[in-house]
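**Student:** Required output: the full structure, derived from the provided sequences and hints.
2 protein chains.
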Amino acid sequence: MRDVAIIGAGMIPFGRRDEDGLMDMLAYSSLNALDDAGLGDKSVDAVYVASMGAGILQHQTAVASALVDRLSLLPAAAEMIENGPASGGSAVKMGLLAVASGYYDTVLVVGGEKMRDVTGWRATDFVATLTHPLAEYIYGVTLPGMAGMFTRLYMEKYGVTREHLVQVAIKNQKMGALNPYAHVEMIITQEGIMDSPHSVVNNPPVADPLRLYDACPVSDGAAAVVLCPLDMVKNAKKPPILIAGFGQATDTHTLQEREDPTDLKAVTLAAKQALEMAKLKPSDIHVAELHDAFTILEIAESEHVGFFKKGEGGKAVAEGKTQLGGTIPINVSGGLKARGHPVGATGVAQVVETVWQLRHEVGKERQVKGAKTGLTVNFGGFGNNVVAFALKRVNQ
Amino acid sequence: MRDVAIIGAGMIPFGRRDEDGLMDMLAYSSLNALDDAGLGDKSVDAVYVASMGAGILQHQTAVASALVDRLSLLPAAAEMIENGPASGGSAVKMGLLAVASGYYDTVLVVGGEKMRDVTGWRATDFVATLTHPLAEYIYGVTLPGMAGMFTRLYMEKYGVTREHLVQVAIKNQKMGALNPYAHVEMIITQEGIMDSPHSVVNNPPVADPLRLYDACPVSDGAAAVVLCPLDMVKNAKKPPILIAGFGQATDTHTLQEREDPTDLKAVTLAAKQALEMAKLKPSDIHVAELHDAFTILEIAESEHVGFFKKGEGGKAVAEGKTQLGGTIPINVSGGLKARGHPVGATGVAQVVETVWQLRHEVGKERQVKGAKTGLTVNFGGFGNNVVAFALKRVNQ
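Same order as they appear, the protein sequences are chains A and B.
Each residue of the first sequence is one higher than the last, beginning at 3 in my numbering.
Each residue of the second sequence is one higher than the last, beginning at 3 in my numbering.
Because the hints were derived from the structure by calculation, they are not lab data.
Just so you know, nobody snuck in bad clues.
Which copy is meant is left open, so a pair is good if it fits within one copy or across any two.
Cut-off 25 Å, straight-line C-alpha distance, at most; resulting in silico cross-link-like pairs (DSS-like, lysine-lysine): (1) 394 x 274; (2) 366 x 394; (3) 44 x 274; (4) 44 x 236; (5) 267 x 44; (6) 240 x 371; (7) 374 x 274; (8) 267 x 312.
**Tutor:** Right, dumping it as structure tokens:
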């Protein structure tokens, strides 16, 4: 088993990208990552593409080999990996295993989604294809609906309040406004989205108790990384980032089958595996990207990965512990909430952001000072399939 | 890099499976493979699912984690791999790399497709989603259309005749009739589909010069294998089969961009890599599963992998060299032509059939006597992405 490093990272701004198709976005972000890796004439052995919706949204299959041709990387091996909203994390994991195995030396991993090829309810319907077809989907359950029910249970059991949720949204949109890759750039306030008598207009209910600003937007976007064995990194201009640990766990397909639906077992297990492999404790992590498709998820995940005890995550946000300069800065990228959530891109984008943070490249307004360790959590299904990575800066 | 063995193989009969959904077929074939592996209480670390059409045909995503739950394999890792008609080969390759890396010890790989959830032209349209959206798909190019043009060029350049094609169909349907897992069980004759004045009715044109019996059927089906490190195989009741070599190569997305469209470069390269890794020559192979989605492809691939010189493949079929008892028996399973071609299942089914052949388990009517080495070629796109495996019987 070889140690695997990330030597290149690239992204394109997330948002409405009306002029770009899925293949364009995959190509642009790949070229950014390859350029960042400075491979020169060195070839790429394999390309792993993450997309949840190429077939459903673009009516296109075999996009990975199409991308290899477009990037002039023939005859590199190519596959698409789909794992719901954790497709990106899964593709990075596939790249990790491939390089660790010794079969491939250089692997490009790129995740992308063109969500806005459909409009309105169709985007929500698309994401709902991950639910159980007979036990959930046919009854009209959507992801916002599930998240609403989950939030209600979490509030009742752990005392999370509307204010805690609002503080996550405010924090992440504030950071998104500072991130040139983020979809949402609007600063919001507690007055505007909660306290004001107009807040029900500004911030209408989506799935009670969740409101508009509790949910991530529907975004287009793509992100990419280049992996190679750590011992092949020589004279790199930028510090290589070691994939020091990874974890992955699945849970029941339907939420109703879980003994305690507020217990995200797969998050706990995936993070534990990643941290143990990296020989790190939660308190050793300097920066984290958690999967805040809904504000409640950032709070719940921050507890499940071990940053806070159960029931302490909401208060921690309100106390500023998760903001830049806090004890554990979470989603200083803006997270899914503000950077956006092109589903296939998200798991890769979390890794790209963390690579940039660990290289100290994001600029002083967003940089976690001296960050050397990072944790990412990519949440598929409604916690059905979770992929986590522990990353470490090496060589200095 | 650890040596990886196949310790379990399972399949379900291909064909019209009107009562089974995709998830049912994935589950049944997985259980067959797990049972065959005799794992007992030993857990599975990861499940890789191959499907090209789950999203388009079943409007379902994240099928891999759904399957893990259905098989009670939680919290095993899970991913779906899509690579057009080579999805199955790609999933086996992902399993190979994962076990070789040392991260996972036991991996279940299962490929399946429920093609008959749609009817008529929609199945052909679905497969055409692998073509170039702007250079091919919008002009109505289908895979039978491409194969027809390819056949014409191949006939003109290499002297392949209609009779050669017909002999492939007759051979493979004869073997399919002997294979309990095959979709097509009908024996056909040269008189019936070519010589008789009624042959144009019996065997109508599909895409000139290809006729009905030159094409594989539209089938439902699934197949699965269980992988583990060779050195962990102890007291196995059945001989473990070593994945001695694998190869994969991509080619241009559009056929029109190839200098010589009859030159299937990715087939040549993938087979060469697989054989070299296994330290075998083409003449060392005892049994082969080639991707005969159309009769011409069996002939063309048999030349490109090195069994015959260019232009000799058609004659070789007519001379009986590729039938059971010939110098290199090809598709004694019936191939895609008769076993059927549920696209995500095919690459895995080729491996399952070869495992059974190398274990000498298929029964005397189909068994290649004393077979110890096998080659599989899974052809994605129109040769855009080809995955090949060289398998070897070990321990006796």
